[in-house]
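Colleague: Since the structure of chain F is provided, determine the placement of chain C on it from the hints.
2 protein chains.
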Amino acid sequence: MKAAGNGSEKKKAEGGASVQSTGQSVRLTSGEAFLKKRTGKAKKVVLDTSLFVNPDVRANLGETPTAALETFLTFAARIHILEFYMPPSIFEELLHFVERDRIPGDLLVNLYQKPPKKHELSCPAFLLYELIEDMRERVNKGLRLAEKAVRGAESRKAEEMIPDLRKKYREALREGIIDSKEDVDLLLLAMELDALLITADQGLVKWAEKLGIKWLFPEKFRDYLLGAIRRSELLSERKEK
Amino acid sequence: MKAAGNGSEKKKAEGGASVQSTGQSVRLTSGEAFLKKRTGKAKKVVLDTSLFVNPDVRANLGETPTAALETFLTFAARIHILEFYMPPSIFEELLHFVERDRIPGDLLVNLYQKPPKKHELSCPAFLLYELIEDMRERVNKGLRLAEKAVRGAESRKAEEMIPDLRKKYREALREGIIDSKEDVDLLLLAMELDALLITADQGLVKWAEKLGIKWLFPEKFRDYLLGAIRRSELLSERKEK
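As given, the protein sequences belong to chains F and C, one line each in that order.
Heads up: the first sequence is residues 0 to 240, going by numbering that gives the first Met the number 0.
Heads up: the second sequence is residues 0 to 240, going by numbering that gives the first Met the number 0.
Keep in mind that a hint or two might mislead.
Treat identical chains as interchangeable: a pair holds within one or across any two.
As the list claims (entries may be wrong) - Straight-line distance between alpha carbons at most 27 Å, and here's what the computed DSS-like set of lysine-lysine pairs gives:
(1) K166 x K156
(2) K113 x K43
(3) K140 x K180
(4) K166 x K147
(5) K42 x K238
(6) K117 x K205
(7) K40 x K116
(8) K167 x K205
None of these hints come from the bench; they were simulated from the model.
Isolated chain F (complex conformation) (with noise of 0.2 Å):
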């Protein structure tokens, strides 16, 4: 999924003329990359709900999803060199786990929430293949499993029966997959930004594969985050020197 918008700039820059960058969408250059990466410009991270909800990888940063985002919010400011980033869709997926109230304000400058172009992005047609050809072996999975369950309710009271159908059937059809809007938010918000996804959820990891996308593993986020510290720390003495 590229910036439809990339090939125009392009034919610009090398017709000559003055490209502007105008936001983080459009794609630079390998000319204008070169001198991005050498004047130490920040890079883009994305972020999911999950690393700030999933209990197991959340644990270090703090007891609960507010604990966890204020720890977060907190480390961001003192990163100087990398951008974070959540989908607008995915920001309120969040909202719905903190308490409003206790996040500090003046710390959500540090996470910017920008949804991808998704009228000027495009994604390269083999991948319809792949998603059609695995929904479909799901949605054969799950037929497979209500037929079960018929059988299963001739001897068992139906409403036994249902709650492991639902769990099942939900397991089946949507475990690996991306299967909601929030999903293509955030794997198009990274294609769009080049930018590191991180996010504990094994179907977006697997998607971010096939589409070329960096990502890190969640459990590893509270360590990437010290590390960009200390980084953006040692930047700033060297310019002070």
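Modeller: Chain C alone, transformed into the frame defined by chain F:
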């Protein structure tokens, strides 16, 4: 879904270098498209199996799929202003329904088998949202159907419930959606060739509209062919004069 090679061809053309048409898949610049129209080069048509298999649609071409295909091929041999295409996956589907031995090989040259260039094509990202939201709703509907069947199996035998469950489940999860790689092949090929898509599958028509693909009412297929025969004959007569 557009040919990825498009941009570079365009650039060459704009740069004044000579452009060679390297195949059916290369999109033409507006200037070339104009030339093509003026020289009366053949328009492209992508055909679905359903035209020969679906009894309602097939009726005016032949009593059996084999007869319908024969009629079509005989017509196609007399049409010089159209080129007919079928993705190989679709052609293979068709072969399950026809008596291979009765298909005249000399006429088959009028139906090109061509797969889409799936590794070069791309599709607009907003379609991912539509596809995934659509599947999500269907998956939920499938679960509700399964639960209903489980409840029904308390008072009726499972073997009585299952055929009805299968039918409803397949309708809910498959109808009106692109759900197979053959469907994707048809859509991508029509996109790539900028062709007219003729199919009796409403799900394909729905997606063709999202993708800006032109389509024809399948019951008008015979009339369309007869019209093309007349125009082909008229053009031949004019040339002879």
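Colleague: Confirm or reject each hint.
Modeller: Structure-based check of all given hints:
Proximity of K166 and K156 under a CA criterion of 27 Å is satisfied in both settings, with 17 Å inside one chain copy and 24 Å between copies. Taking identical chains as interchangeable, the C-alpha atoms of K113 and K43 lie at most 27 Å apart only when both belong to the same chain, with a minimum of 12 Å there against 42 Å between chains. In this assembly of identical chains, the alpha carbons of K140 and K180 lie at most 27 Å apart whether taken from the same copy (23 Å) or from different copies (18 Å). For the identical chains of this complex, K166 and K147 are neighbours both inside a copy (14 Å) and across copies (16 Å), given an alpha-carbon limit of 27 Å.
Only within a single protomer do K42 and K238 lie at most 27 Å apart by alpha-carbon distance; the minimum there is 19 Å, versus 65 Å between protomers. Taking identical chains as interchangeable, the C-alpha atoms of K117 and K205 lie at most 27 Å apart whether they share a chain (21 Å) or sit on different chains (20 Å). Proximity of K40 and K116 under a CA criterion of 27 Å is satisfied intra-copy only: 22 Å inside one chain copy versus 38 Å between copies. Proximity of K167 to K205 under the C-alpha cut-off of 27 Å is restricted to the intra-copy arrangement: shortest distance 21 Å within a copy versus 32 Å between copies.
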